[in-house]
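Undergrad: If you want the building blocks of each chain, they are given just below.
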Amino acid sequence: MTTTTPPPAPAPTAAGAAGGVASVPLLSVRDLVVRFRTQDGTIYAVNGIDFDLAEGETLGIVGESGCGKSVTNLAIMRLLPKPAGRIERGRILLDGQDLVVLSESEIRAIRGRDVAMIFQDPMTSLNPVLTIEEQMVETIRAHRTTSKEEARARAIELLEMVGIPKPETRLKAFPHQFSGGMRQRVMIAMALALDPRLLIADEPTTALDVTIQAQILEILARLATESGTALILITHDLGVVAGMTKRINVMYAGFVVESATTPELFALPSHPYTIGLLHSIPRLDSDGDEDLIPIEGRPPDQRVEPVGCPFAPRCAWRIDDCWSDNPGLAAIDGRAAVVMTGPAATHRIACFNPPTHDEALAGRPLREGFRPAPPPGTLPEDTGFEGLGSEEALEALEPQGAEHSPLLPRDEALLDAGRDRGQYPGDADRDSHR
Amino acid sequence: MIKYIVRRLLGAIPVLFGLSIILFAFIHLLPGDPAATILGQHARPELVDAMRHRLGLDLPLWQQYLNYVGDLLHGDLGRSFVNNRSVVDDFFVRFPGTVELTLAALAFAVGLGIPMGRWAARKPQSFSDGFITVVSLVGVSIPIFVLGLSLQYVFAVQLHILPASGRIDPRLQVPYTTNFLLIDTLLAGRPDAFVDSLRHLVLPAIALGSIPLAIITRITRASVLDVTHEDYVRTARAKGLTEKRVDGRHIMRNAWLPVVTVIGLQVGGLLAGAVITETVFAWNGVGKWVVEAIEAHDYFVIQSSILIFALIFLLVNLVVDIGYAFLNPRIRYS
Amino acid sequence: MTRIRSGAGLAIAAILFAACSGSTATPAPASQAPASAAAPSGAAPSTAPSAAAGTPKDGGSLVVAIPGDISSTDSAFIQDSNSSTVSNQVIEGLVATKPGTTGEIVPALAKSWTVSPDGLTYTFTLQDGVKFHDGTDFNADAVCYNYNRWNNFTGALASPDYSYYYAAVFGGYGKDSNLASCTATSPTEVAIVLKHPYSSFLLSQTITSFGINSPTALKALDADNPDPTKSGYNTGAKGAMVGTGPFMFKEYTANDHITVVKNPNYWNKAGVAHLDTVIFKPISDQTATLNALQSGDIQLAMNLNPTDLSTVQADTKLQAIDRGESCNLFHLGMNETHKPFDNEKIREAVAYAINKQALIDTFYGGQAKAAITWMPAGGLYAKDEALPEYNVDKAKALIAESGVPADQLTFDFWYPSNVSRPYMPDPKGIFQAISSDLEAVGFTPNPQTKPWKEGYLKEEATGKYPMWLIGWTCDWAGPDNFLDTAFFNYQGGKPSPEFAYTNDALNKTMKDAEAATDDATAKTLWEKAQDMIRADMPTVPIVNSTPPAAAAAFVKGFVGSGNLTEILNSVWLDQ
Amino acid sequence: MATKAATPATVRVPVESRASRGLWRDALVRLRRNRPALVGLACIAIFVFVAFFAPWLAQYDPNKGGLGKTFEPPSAAHWAGLDKLGRDELTRVMYGARISLVVGVVSVTVGLTIGGLVGAIAGGVGGRIDTILMRITDVFLAIPGILLAIGIVAWLGQGLVQIMIAVAVANAPIFARILRGSLLSLREAEFVTAARSVGASRTRLLLRHMLPNALTALIVAATLALATAIIDVAGLGFLGLGPPDPRTAEWGTMLTDSTEALRRAPWLIFAPGIAIVISAIGFNLLGDGLRESLDPRLKR
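Protein chains in written order, with the working numbering: chain A, 64 to 497; chain B, 20 to 353; chain C, 12 to 586; chain D, 7 to 306.
Keep in mind that a hint or two might mislead.
Unchecked claim - In silico BS3-like links for lysine-lysine, alpha-carbon gap of 27 Å or less: (1) K22(B) / K145(A); (2) K309(A) / K142(B); (3) K75(D) / K249(C); (4) K407(C) / K356(C); (5) K263(B) / K211(A); (6) K273(C) / K261(C).
Read the hints as simulated data drawn from the structure, not as lab findings.
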């Protein structure tokens, strides 16, 4: 992988000064802002993010449900739910071509051919009334003028590639005749049908059995490597990205809060939220006596325009500035030239008061007498913020918080909210699906 | 699949059996002696007794029931008390009219309801969506006879565009062979009569189809909206399919499922509605027959026609379920 | 011809000397084209005489709406007006009533007749060269075949379900029958001999049930099958309804239509139909009927709601048709076994309480006249009894006089649903109006209803109802058909339970009147009978109605009859 | 008919076990934001208000008229005109609201009770009883509702009470089906399993845990059935099976009368027609609104 620098044209708002120009990255997202207009008001889903992706590179996007990771990638595909979801600002450059301004038919030509996507739930992502063959063949024939037989041969080849036995007969089957893992293989095969240059996998294993997850990830990794396809892997599970991707973006409330190469991120997690994430999951390599520390509180209400650092209410390291200003994403080493892609990508965080390495290991501030800054407008003595016992912490224990429940992903909830705009409330039988 | 059909058919048997008991009981619970009803109030007692004997009313109840079921199984539905015509014969004269009317109403409801529902779902909460919603609400809220008479008044009486009643202009003198006039006119090689009988169908079909139209519109709209947000539709778009293809192949193929179920349920409503529609439009069908029979307490006709109605309802639901199974591979292959 | 199954048999004695005075009658045949027979002077000037000037044109089809489907195509079994409306076009009897009248007997298939002095033997001379529609000859044998057929009915055919009118007129079948014999004395001469004198005989033979059918056709379609439902002749099969009339039966589709076509070889050349085809179409709803008329689906409606008369009159494309002199009576039934109607003063009070003119204006579109007695005002021997006129004070005074306390002025008041009769176009509305009238003078009627066909007629006949709406359309025009048969007849020495009106003197007077041998006696006795009824006021006569028909304006030549048995051979289309 | 269409789809699984209160409170909040439902509620409010205060709102006696004033067209004094018997049509429509309200509410309540009982037993007890009860329900469902109602009126005789029974019986099998369906789906729901695992009795399970959740679908169906009930009663009136006292100011009867006079006095159709349509729309909108509000899956 060659070292790349940010693209020449847009001046990155948060990433600081750009380095020298080596080559144009495959994908370049600049100042992307996505909002949903719903009956309940505007939802601030993605609030100005920047990242690049080089040809053949693998990038993990990690964050809690509702952090905007899925929305970001739907925005890349221009598949935001209409009419609620809108790209308000920013550019998405694929090979220098801005996807945001493309016409519907132009973006359609790119979908599936240049950029393919694998969705979270293989149970619902395949059309239940069409055979696998029909769904695969139509994908191929949507972009290539081939005969049905050729398309079918290609489909068989692809199914073989993803390890589906007896593909000739399985082609005639309907999705419900496959297991979840098999369906996800079909999805992968379908996504790779046209040798896309970028593959976006949105939580591809979340809905699967743990035993299957590894197989699917393995197939995904192998095929992406073999074909040289760039991969964006979206997940809430740091464990998944650890072995799969070269670089990781950590997202929170529609912002990228930390960006680093995978080894760097695990070696030196630097944003309080990243640290929180790492401490809230059990690690197979841990000593065993390490306590899990949950992240207190809940993600912010995205119906409110974000002011200050979005993580501040939950952050143990927050200072007064965190309440009022949003720290942009900047290199940890402020003087270094920012490299956006590749193994030498710059480690960047969005934090006014980054934890130290020791604090990162401990999962809490170790500084003498440090207390998280109280919210503006409250008297300091009132905020005996001790972590547990605070109102927010108690709320966090309520079951409906369910931030980490894979069953109720917040992104889905968000998309649901977007969908509500599309629903006339006087409408009958909305419940007929599911 | 065949197993499924057979199972469904077998499942209908206890329902029909139960129905026969209920109808039998209903007739026997009705006040008055059918024999006396037939003969009139001042008939001589020996005549009434003879009639009771002829009708088998002097037998014990269980035996009467067995006879009744036996006759049913032999396709003998008895005779009208009023005109003494065979119920089965009358049925074959009346039934085609109801079938034509019901199918026309269904065609109207489906043919207009589905595009309207799709149109409304295209831009939810737009003016056109609101308009369609209001129209469909009013549609389910107007009694059929009010709509029917109003349609007659406007289109037949005031505008003279369409005929007001009947199935065909009798002056055309088309021979009835099948009693399906649309077929009979063609059999007779009379395109003019075919057009005429088609014109006669329009107003009653609209009156009868208005409620199903409203319901199908609403369910189509809801179903399309639901499916539009399904993951596989997103997948289809992500594959770069054209909107037309996404719409036709992915959205509609799935949105059809609840719509088909609802269409099946509408048939029951249509048969019920035919009762009133046929009265309003002097349409010679089963519905009018039933009303006349009930007015005249024509027991066998009531009994048999309700049984036939129920049988049709069950059959249609069976057909719908089978159609549903064909549309939905999840059922077909399990 | 609209029969109400309320009386038992018909107890008709000798009357109606005008029609059968033993002499040979040779008036014009019944179905003569009445180009000159101007429309009878209608009750209302608003109705247009349809037999207007102009030369009749031949050809065309006419669609006629009738209120319900026909029940039989065998005239011997016909009891309802729908069936007889159709049958009358095809089947003719020996005698008929003159078009536009209800009681004037004219020759039909018999061109003349004589009655023996003992009133037992009727000798009919038949028209020459008449052929049935099937090509067979009409002759004396054919006539007797029909009379003997009726007389020999057994089983179901002999039940009131079928040959009601034969039994009603002849008193029974075979040995029970008043028919002694029917003899073909020559091919064109028939002698019908009765066992007892029966002076209504000729008039009774005008009704549909005594039409002469082709013996060949009857046999071909198994008309005498013990199960009439298996007789094609009864059920409208092809080849049924073969008579001699101006129209020939073509086809019948149950509840859809009945088609008759012109008989080009009609024996009465003056009466050959102008129309090629007449199609009868049952439409029960009156609004739907008018809609069909206005939209051109039909051209003639036999049952117009009088309320819609103004609509028809306002429409230049339509015409209202007068049906001539009324032959019906609508009255308010009261049963004397129910309190408070055992009290004569209460019954009189009810008579004063009812605003008849308001009813006529509201429900009859003016097409009715307040009744003057218990039969049509124009009926034979009808006497103006100076019936009570609307007077609330008088009614209240009578109630006070009666001594019935106010809390006993409560009773069930019944009206029929699902029906509209020529004399009672809107029972529900009329009921409400009468109820309000009764309440206004202090009564408390309690509303009750039953469907006409099932329940109502039966229950009222048994005397279950204290007060109810009822009426009568004549079978033939004569006082016996109303006063005795329909209303106040005795059965087995007791009054019919329907009204429970006990008046032995009245019964005797009526029997005497029916047995009277001369006109003057009959007149005196029938007038006396009416006076006796007036004195007791057993029911309150309300109106004699003239139910209008309606037609497209281009329909000409229709001659209405109060007994609603019009023949359409005179009708032609001016277009 | 609208209710029938909705039946198969109204089965859903609530998320929370302490459903009743939270569910209803949430539903109310959602309902308040549902504009069409509020419109529906407003229609019903007008309807109920008129029904209760008819004697004060109306200027005339609903049964007093005058034959001389037959079919007077609408005027300042009589906004909806006078009917055949010279009675003020608007007054009668106002009084008619009382009867329609009573007929609708009573027939639906009775239907709900019968159907609810059958459905609760079938869905709660299951097994053979369920099979038998559902077969009987199928039998009734197979007869078109209006025919069932006509048959019952023919059997029991004419009268408001009989009409209410007829409409109730026509509705009951639908309610039974819906309740049974929801109960069946709830039997496998997690919170029910949880309650079962801590040893809740069958009755308690049914009454405390399952019924409150299952009722939502039933309530929606009942609201929609109110709309159909009013129309069905009108249909019975058209077929001559309305209330026996023809002076009863009942909308269906009035509508039928107005169709009989359609040619003489076409305006008479408007007052009862609009009243029926508005109340039916009201119940339809409210039913749809409730359906959405009570669906916990749609929580925002």
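Undergrad: Take the hints in turn and mark each one as holding or not.
TA: Evaluated hints:
no., hint, in the structure
1, K22(B) / K145(A), "44 Å, violated"
2, K309(A) / K142(B), "43 Å, violated"
3, K75(D) / K249(C), "53 Å, violated"
4, K407(C) / K356(C), "10 Å, holds"
5, K263(B) / K211(A), "20 Å, holds"
6, K273(C) / K261(C), "10 Å, holds"
The structure fails to meet hints 1, 2 and 3 from the earlier list, while all remaining hints are met.
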